[in-house]
Structures are given as structure tokens and as C-alpha cells.
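S.K.: Here's the letter readout for the chains.
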Amino acid sequence: MATSSVSKGCFVFKPDFKKRKISVPIEDYFNKGKNESEDSKLRFETYQLIWQQMKSETERLQEELNKNLFDSLIEFLQKSHSGFQKNSRDWGCQIKLREIPTAALVLGVNVTDHDLTFRSLTEVLQNNVTPYVVSLQAKDCPDMKHFLQKLASQLMDCNVDVQSKEKESVQVTQKKIHYSMDSLSTWYMSVTQKTDVKMPRKKRTPPSQWQSPPVVLILKDMESFTTKVLQDFIIISSQHLHEFPLILIFGIATSPVVVHRMLPHAVSSLLCIELFQSLSCKEHLTTVLDKLLLTTQFPFKLSEKVLQVLTNIFLYHDFSIQNFIKGLQLSLLEHFYSQPLSVLCCNLPEAKRRINFLSDNQCENIRRLPSFRRYVEKQASEKQVALLTNERFLKEETQSLLENLHVYHTNYFLVLRCLHQFTSSLPKYPLGRQIRELYCTCLEKNIRDSEEYASALQLLRMLAKDELMAMLQKCFKVFKSSSEKQLGNTAKRIEEFLAQFQSLDAEAKEEEEDTSESQSKGLQKTDLYHLQKSLLEMKELRRASKRQTKFEVLREQLVSFIDSLAREYLLLPETQPLHEVLYFSAAHTLRQHLNAAPRIALHTALNNPYYYLKVSTSHLSFHFISQ
Amino acid sequence: MPHLENTVLCRESQVSTLQSLFGERHHFSFPSIFIYGHTASGKTYVTQTLLKTLELPHVFVNCVECFTLRLLLEQILNKLNHLSSSEGEYSTQITCETFNDFVRLFKQITKAESLKDQTVYIVLDKAEYLRDMEAYLLPGFLRLQELTDRNVTVIFLSEIVWEKFRPNTGCFEPFVLYFPDYSIGNLQKILSHDHPPEYSADFYAAYINILLGVFYTVCRDLKELRHLAVLNFPKYCEPVVKGEASERDTRKLWRNIEPHLKKAMQTVYLREISSSQWEKLQKDDTDPGQLKGLSAYTHVELPYYSKFILIAAYLASYNPARTDKRFFLKHHGKIKKTNFLKKHEKITSLVTLQLLTLVGHDDQLDGPKYKCTVSLDFIRAIARTVNFDIIKYLYDFL
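Which chain is which? The protein sequence lines are A and B, in order.
Numbered per the numbering used here, the first sequence finishes at 627, counting up by one with no gaps.
Numbered per the numbering used here, the second sequence finishes at 1398, counting up by one with no gaps.
One should not assume that every hint holds.
[Claimed, not checked] A few chain A residues that face chain B, going by a derived Cβ cut-off under 8 Å, partial list only:
id, residue
1, D182
2, D221
3, E223
4, I236
5, T254
6, S255
7, V259
8, P264
9, S268
10, I273
11, Y316
12, F319
To be clear, the hints were calculated from the coordinates, so they are not data collected in a lab.
Since we're looking at a predicted model, the values are computed, not measured.
Beta carbons are placed, not taken as given, at the ideal position from N, Cα and C, and that holds for glycine.
Just chain B, same shape as in the assembly:
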């Protein structure tokens, strides 16, 4: 498969394992395969390209999208139905509410000529979402081959290890396949692979090398790295475009790009500023320091009494109750008792702002309990605006 080797890089062993598992088209394969590995370790990509290039009948479903059992089952069946019916033919929407129906309908569909005598693959991406659904669903999918008596293999893709899936009632064990993280060499190879047509591969590879040098310590996510590579590439090319340096002038290019990438790490990588803003800054050649990131705006303006309620809530949330006497008797009268006319209303509004959260049960009508969820820095900023020295009243600072 020369084609496959060109499109799937650095995953040779996994590909060959899968290929040998799949076997010939008409062979029965392992009933369920569980593939796991970190984000962007090529699970989805490898599986998808493999199934596509081998032209195996398969259904690809992302479990995030199927937030109910019904959606999941119907999506599988409909896609399958689409596969079995010939092109252009309009098939009706299948409705399916239970797993029992699913098995029945599945058998019906796979009777079709185009699906007969070959393994049908059902790929469930983001399989960790299955755990939140009905308890019988996962064991059911694991032994779907047995239940339906058809040549079918279910492939689960997940970022979580199999041990966290295993139901305590026991189940059929799938074949577990681990996709390890890409090494820095792998990343270099993969990233260099998609070089722009107008520049040479070596030039781009040198750029990727610098990029990885800066980002590898903080980010190994291939998708993210690739995104960053594209974002910052114009800046790297700048000296070449201007004619100040040649493509082989690596040192000069490095000196130009390195501080820029470091800045990117603090801003655009953290999504403090958006990539479009970053591109604009790059184009205008302005200092990114001028643009404040999202975290720079921490200040929240609150009505006067709300500030006090929030401070009181913070104190109540973080000081043990037994210390109340100690704080509030000694500095007697330091917190002015204000008669809050709209106290309750204000508490609910603070809850909607997520500055307080309700603890305890929702149905507790009288005396609901709240907890203050703001950070110390935040409450200090608030306290400063009303001239209240909150540190003096915090147990942790004694």
C-alpha cells in the first residue's frame, strides 16, 4: 500500500496491527477493538484513512454529537442504510429507540447485497461519552457480533484507558490498541510534510525545527502545533520576501522568528488573543503588548452593597465558623451593618453571575446555602474599592 504510507506517517506499526486484525474482507474480525491515546495522536485519522483506502464498509459516528441513545442508534442505522442502498436512491429515515430494535434493524440492513459477506465496521469516536449513556450500551456494542450474528466489528476511539470503561458487571473484553504520543522526531516529520508549495521542503523543515524548539516543552498537540505553524509562517518568511535574507540564512531567520514565537506562546497559544487578531498584528507589524488579552480584564464593577455581600460571603466561605467571634468581636463594628433591603434579590443575581454558587439541594426552600467562588485576587480588588482590608479578616493569613 504505497498510498497509505504517504498519507499516514509514523504510525506504521499500528497500521499493520490493524490491517492484520481486519484480515481479508470476508474474514470475521475481532468483535471489538478499543483504540486509545492522547489528543491528536492520530487515532481518528489513522482509522479513517485505513478504512477509506481499503474501501471497507464502515460507519463513522462521533459520540459527542449523539447525546441520546436514540440519536446514536439512528445515526448508525441511517448511515449503514445509506451504504447498503445504491447511489441516488432515497432511503427513508429509520427510527429506533432501544438497543433491541437496533439489533433487529441491524440484521435487516446487513442482509443487503452490498454488505453481505464482508466485515462491517462501526467506529465510535470519543467513546468516553458512551459511559454517560445507558449502562447496557457499552457491553452491548462490545459483543455486537455475537448479538447480531453478523460479520461486524465495533471500533472504539477514546482518550481514556480501557480500565476506566470496564463496567463492574463484567463484559466482553475488546482488543486494546494503544497509540503512543508522537516523539519530537515524529512531529518534525509530520509537520514538515505539509510544506507550502511556494517554498522548498528544507526551508519549511528548518522553520518547523525552530517552532518545535520553542513550543515542544509546552505543547505536543499536533493539531495545535500545526495551527501555530501556519499562523507564524508569514513572519518567518518576511526577511526572505523582503530580500534581506536568503532561504538558507538560518541564523538570521532564527533571530527574526524566535522572539515572535515566544510572544505567540504567551498570547495566541493561550487563546488570550484570537488567531485572527494575531494575524492582523503580524500584518501591521505592531507590538502585541498593546492588545490586551482576555485575562487582562479581571475588573468587575459591582453595585456597592453587592460588594459587601460578596466580601461577607467570601469570609463566610473561607473562615471556619468558630473563628467568627475572634474576628468580629475584636474589631467590633468594623463591618458596618447595612440593612439590605434587597438582600435576597442580590444574592440571586450574584448567583447568576457565578460569583456565588448554591450548595446543597435545589429543593431546599428555606435557608439555601451558598458558597463564594471567586478568587482571592478578585476579592482583594473588590475589597480595595470599598476600603476594606480583607486580609485582616482571613483565617488563613493569621
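Next up, chain A with everything else stripped away, as it sits in the complex:
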């Protein structure tokens, strides 16, 4: 058993009793006190549905991101193993040192995410390379004895499905034996030979066209292993390599230099190390955000504060994608738990359907929403009355408002991506390099009021033609790739801009003539003062005329076009009526849950025990008094 505690000490683990039957179904926890009416069950179900979708999306993303890495790893394993197999009478192979093929897998410092990566890696390897995949952790292997014992027991488990049931009892007794590399290799020989003779091939091990599949050993946290254990193991297994085809995978969190730091030359010369690098976790975060939040696929959205809390934890504290996703899940849960109107946080057709079944209470909730009240105030007086008194009218209006919200988001993300294309490669990155930074600024305040935006536009006004065209190209692709037809007009505008920039080349010559003309104005005879004045004027004129070149005009147009896009579409979510339905904004609650400060928790617990004990106050106070 393990604790998640970071401090050292004695921990008492009570034996697991049979789990008490929970009499209350989980969704009932969504009932907040007495307000049972507000669709808590439906909300819970919606939460589960959305979470499932998000989860499978993240898993899919993870798989996609790991694919390259895993593919190259598999290729390496297969190649090095076929080297084993050749076992050739080739002159070179006989004399050369037999090196253990080793993959140094650099995974970054987000150790908490590694487990998942290793789990899927194991799975992939078992499906593609060999059934014998073992992963060890440093804390299980303080010395050689434990190391080999763990290795052996896991290795034999790998084979359990191939071996018959009766063998299993033998294995249990075997566990008491001190394993040595010798016994391991004899075991390996017996297993591989036996399966060759007896079993045609089980379905789980398709790639065993090899006579002897390699044994892949994954050391999950290479840095934490004691150097002595690691060195000894490498020395021993290199001596048994011909009978026990081992392949090592080092999971490295920091940098591959540790291999040299931990292993002296005499040992590292026994390895044939190749380096594999996984995607940086920051890029991973960007993709996750891109696919989960910057999309209309999921209706759920985060407010600026919440997003800031989550990204700050990520960037400042742990770099852990898993934690980020946990945080996201928590906000989702909290949103559905605390906001009664979150029933409507689902896809548009379903939400419209649900509106029709809203209770009176829920209608009242809608009317109480600040954004809705602001909206009502702007309406004509008879419409105001209708909205506040007529349920049917209210529902119809809500439907159309929700639809507007949906359209708003579609446009918002398109324009956001488009703006990002323009600002992401500017010098010094006034609006950030990542789209998440831009998104945060846009959520925080009206982007057009920010200094950074102004300086970004200023920089855009100074870009050269080919840079602008490259950006336009990318932008055009963004619009093309989106299936939505909302901003068709804009896409056309961008295409026009592109065409205009292209045609500039042809007109370049004419411009030159223009400039020479302006110069021909010439100087007239005057006194010093006038001369200065006219010189200044000419300077001004020249500057003005320079700005007047066709390219500059066009560039100016383009910048103002982008500006207009931002003005029109990148509105603050708070300005949208009913935004509370989709946006989760309780950053404070989230922070409380995620950044637990032990001292505060202790204080609360002592002051107000029922806060944690979840027992009613009266009952508890009685209990305390009786003591």
C-alpha cells in the first residue's frame, strides 16, 4: 500500500473492509441541501457525458502525440533484436562487444504523467514486439536481490496466460527462491523452447515470428536507481546477453547526461544507447487546450481566472498534464454542481429541447442571471414585461439567446486563431507565442484596449510583404479547415488580400516612377529660413509619399481589417447574455481545492470539525460536550 503523503512518518493502513454499500446513488450528491428540484440528476448525467467525451478526447490526443515516439521506439527494438537474431558467423559480429541495446527515453520533468506513458508503451510493445515487457521502479529495487526478484516475478507474470494453470502453483513456491541471472536465463530458455514446441502461438503474441522474443526492461525513473544496482545489473546481464536477449529502456526525466553521470565508461561501454525524446509538456498543454477548450465541440468553457489558475499551476508548479486535466475535471464537476442552469450546458439541439422542459424555478433562475438582467434592461418595455412574466416567451427567447451564444463562440474561435496567426511570430511576442496566452488576454479584458494589442498592430504595420503573405496564407487555411460557414465573407476578404498582395509585384515598377516624380519638384532660391522650411516640408512629403506606396496602403487596409475583426468578434464573454450557463468562473473554489494549504486546512479542522466530518453541527457539539 502506498500513501500520497509527501511527508515521512508512520501510516496506519486499516485492512480494507468490504466497502460499505452506498445507499445513496451518486447523483444524489448533486442535491445541494434542500433545492432538490433543479434537475440535479440530469445535470449529473450531462456532466458524466461531457466528461467522458473530454476524457476520450484527451486519451486520443495522448495516443496521437505518443505515436511518433512509440513508432520510432518499436523500430529501434525490432532492429536491435534482429541484430541479436542474426547471430551471424559474420566476422565482425563475433569480435565486437556484445552491447545491450538501450533506449534512453527523455520524458521531461513531469513525473506524474510518466505512468500513463509507460502504461501505454507497455501495451504497445506487448502488442507489437514481445510479450515479455517488464517495468521496474527505483523504489522497488534498493539492491540487486530485490531488483532480480521483481524482474523475475513480473517476467513470469507476463507469461502466465501462455502457461497452464497447474504451473501457477509452482510459481508461487518459486517466489521464495533467490533469483539469479542464471536461473532467469534458464527459465527463459525453457519457456521459449517449450512454446516453440507445444503451442502454435497465442493470439496475444502475434509478432513471435522470432524464435526468441526479446525481454524488454523499462526502468521508469532511471535517475532514482542507485548507481551500484544499475551498474551491477548491466554488467551481469551483458554477460548473459546471448542466452537472455535483454533490451533496456531508461525513462529519463532530466537530461540524457545522467547516463554518463551514473555509469562509468566501463559500464556504459556495455550499452548501445539511442536517444528518444518525447514531446515537450508545454506543447502537449497547448494541444490539449486547443482540442478541449478552443473549440465548439464541448460547450463547457472556463473563465479567464479559472484558466489562469490552471495554467499557473501547470507552468509554475508541476508541468503535469494529468494534474491539469484533473483540474479541468474538477471545474467541470463544480460547474454542474453549483450552477442549476448548467443543464443547458450541452450541445445546442439538446439544450433547445431541454429549455422546453424547464421548471418555473429554473425560469426564475434564468431571470436572476446578471447577464440576462442586463439584456432585459436593454429591451423595449413591453418586451421586458413579457420576458419577466411570460414563461413561454422567456423560453423562446432563451433558445435564441443560446443559439446566439453558440454562433458567438464559433466566430470567436475562428477569429482568435486568425489573430493568433498574425501575432504569434511578431518580434518579442507582444500577445504571446502560444494561443492560450492570447486567449487569456482576450478573456480578461477587451483586447482592443490593451497596450500589447496596440503594439502588435504597430508591428504588423512594419512587416514585409512575404511575411504578411505567409500569415495570410495560414489564416486562409484556418478558415478553410473549419467546417462552419459563418465567416465565409471574411475568408473571401482574406483571399482578396492575398490576390492583391500577389499582384503588387507587377505594379512595383510604376511605383518607382512615382517616387522620382515627387523628387523633381526641386529646390528654389530662397533664404536660409525658407530653405530649412522647404527642406523640412520635403522630408515630410517624402515620408508621406513613402507611406503612400501601394503596398503600404494595402498593409494599412489589412491591419484595419484585422482590427475590425477583433472589434466585431472578440467580445468579452461577459457581454453575452446567458454566458453563465457555459462559463465556469469560481476560481476561488478551484484554488482552494487544488492548492491546498495544510495550515489553513488544519485550522479549519480544529475550529470547525464538521466542515470535514460532514456531520451535522448539533450532533457533533453534543458529542463534544459529552466528552
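With chain A fixed as given, assemble chain B onto it according to the hints.
M.R.: Just chain B now, with coordinates in the frame of chain A:
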């Protein structure tokens, strides 16, 4: 022994010493022999070939593999048992937990007909590992002949001199035999010995000569040299295969191979890139400069606060405590005091990354002490990313 001379090169004197020590099969030999010498000086190879060609009953055990007493003793006994029992006969596994049992069982096994009346040799390779085991083990093995009253000789192979073995309680002194390093001439001779069948011996010898010219200053390890020789040989042959040069065109061949070997010294010899990658590069004829070695990746991405903790730890580890005032009062407030909510968690994670290590006792629950283990270059790179001029705060740079 003409056969032996062909297989064991440049170790004639050691071989003859050993042979005279061993004597006839039934003679009692010296109770324990201690052979030492550097890595790849032929200790294991000579002993093994000698025992094999003379067909002496022997057991060869590598002490690295036997990390417990029990494994070591059992391995010796089982191998011995295997020797004594005739072929094909299935002998049961012997279990043996103490040295006392070992002596008893040893006597039992050596009673067998096939082991009677001749010296049995027990070779313990990498004997330095014995020092970490039970203290009585080494003295016990040294006088095994006396303890068991059998004709047995224990041979220790080690890279460490005997003086470092000698227990302070005193023990039976073994016969010490030193295997000196191979001279460059020896290396040349041995390496040239395994020339590939498709090329002449002279051609390969010339190649070995060039190889030694480049590598002898940095590496005298025979195994490693041999590995390098095989790795780079295809490149050497390249002009010959292409028909650009003849086998005797040494100058041309030298000009072709020399820069290549120098590159190999910086990369594959240091295990910066693996030998398979090197072979691939050779085949594709690409510049090895494109492939970054392991040491090229020193950059480590850390979360923002972790960087500061690491910098603080580095400063605390390398500045004397009395200088704190001087650094942190003068530039008052230069290091922003950040309220670390997850400080402890982060320290433990830095420890698992081996950037910090725990000093002092493990059982000290309150106020554990850590030491920063990163290099100056590393911490400078980290400090640069957060715009912190660490040199200004280091006592050693004042």
C-alpha cells in the same frame, strides 16, 4: 602445448608460472592464487583457456552475479555437482546457506570418482565483490584446502591489488600473480591476430597500426580497441572496395581513415552516440556532426518555481552561511519572496530527479537537509531563463 601458444598471445610468462603452480593433475597445488591486473589484461581469458585446454576440473564463478552468500556458495556447489555427475544425469539443486554447510557439502561432492585424486579449481572472477560480503568469506576461501582437506585451489581474479583485500584480522596469504598491461606491441600483435578472412593479415595489421596510433593515448582497453577496430574497418576498406586504392596503398588509406577515427574518438568511443548509430552513419556516409550526442542535451525544462528553489538550494549549498547577510541585505529584495504553496512537494520531486540529494539521516523527520547536486553550468542555464544573475550571488566568484 602448441595449441595454447596460438590462442594465448603475449602472456607466455604468466602461463608458464601458472602451469608450474598447477603441476601434475594429482599434485596438490598452492591453496589460493590471487591474480590481478587492469581491465582487459587477459586474466579471465588466460585462466579460462588454460583450465579448459588442460582439461582440469574447474568451476568458474563471477562474483558480480552472486550478490548474496547463498547464491555464491550454491552456484559453486551446483556447478561442481554437475562436473562430478556423468552427462545427462539430472542432479538435484543443492541448497546451502552457510560456509559451514559449504565445507561439508564440498567434501561430499568431491568424493565422487571423477573428482578424486586431482586438483579441483574454483575460479572467483571479480573477486573484489567478495569484500562486500560476510567478513569470514574471504579468509575461508583462502584456506579452503585446509578446511576441507581436499585437493582444491581457489583462484581469485581481481582488478584491485591484494593489499586492499587483506583483512585486518590476518589470513592465509595467497600466491599473488600480476598481469601487467599489454604494451603497444602486444596490442598490435593481439589485435592483428583476428583479421577478417577476406583480407590479408598484413592489410589488417596496417589498419591496426593506424588505429593504435589514434587511440593508444586515450584507451588501452583491449576489448574496447577491438570493438573500435571492427566498427571502423568497413570505412578503412572503402577505397579498396571502390577500387580507388590498392591494399598496399597505405598512405591513401591512412588519409581516408585518420579523420574518421578522430571523430570516432569524440563520439562513439565516449558512447555519445551508439555503435549502431555510428555504423549507420558510416553506411550513409553522412557527417556525424549532425547527430547530437547524449551530452548535447543538457537543457532541462523545469516549472517556474522549481527553478527558483533550485537556485536557492544551489546558493545555500555553495555559499557559506555567514555570507548570507552580505548577499541578501545589500541587494535587498532582489530575490522575490514567493510564497510557495507546494514547497515540500516540489523539493521531493527535485530529489527524485536527483537535482537535490538528502544529506543526513533518513530517519530525521523534521527539518530534513538537502544538498544541491547540479553543476555550475546547469544552474547558470537555469538562472538565465529566469533573468537571475547567479554569478553575482556566488561567494566563489567574488
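S.K.: Does each hint hold? Answer for all of them.
M.R.: Quick rundown of the hints versus the structure:
{"no.": "1", "hint": "D182", "verdict": "7 Å, holds"}
{"no.": "2", "hint": "D221", "verdict": "7 Å, holds"}
{"no.": "3", "hint": "E223", "verdict": "4 Å, holds"}
{"no.": "4", "hint": "I236", "verdict": "5 Å, holds"}
{"no.": "5", "hint": "T254", "verdict": "5 Å, holds"}
{"no.": "6", "hint": "S255", "verdict": "5 Å, holds"}
{"no.": "7", "hint": "V259", "verdict": "6 Å, holds"}
{"no.": "8", "hint": "P264", "verdict": "11 Å, violated"}
{"no.": "9", "hint": "S268", "verdict": "5 Å, holds"}
{"no.": "10", "hint": "I273", "verdict": "5 Å, holds"}
{"no.": "11", "hint": "Y316", "verdict": "4 Å, holds"}
{"no.": "12", "hint": "F319", "verdict": "5 Å, holds"}
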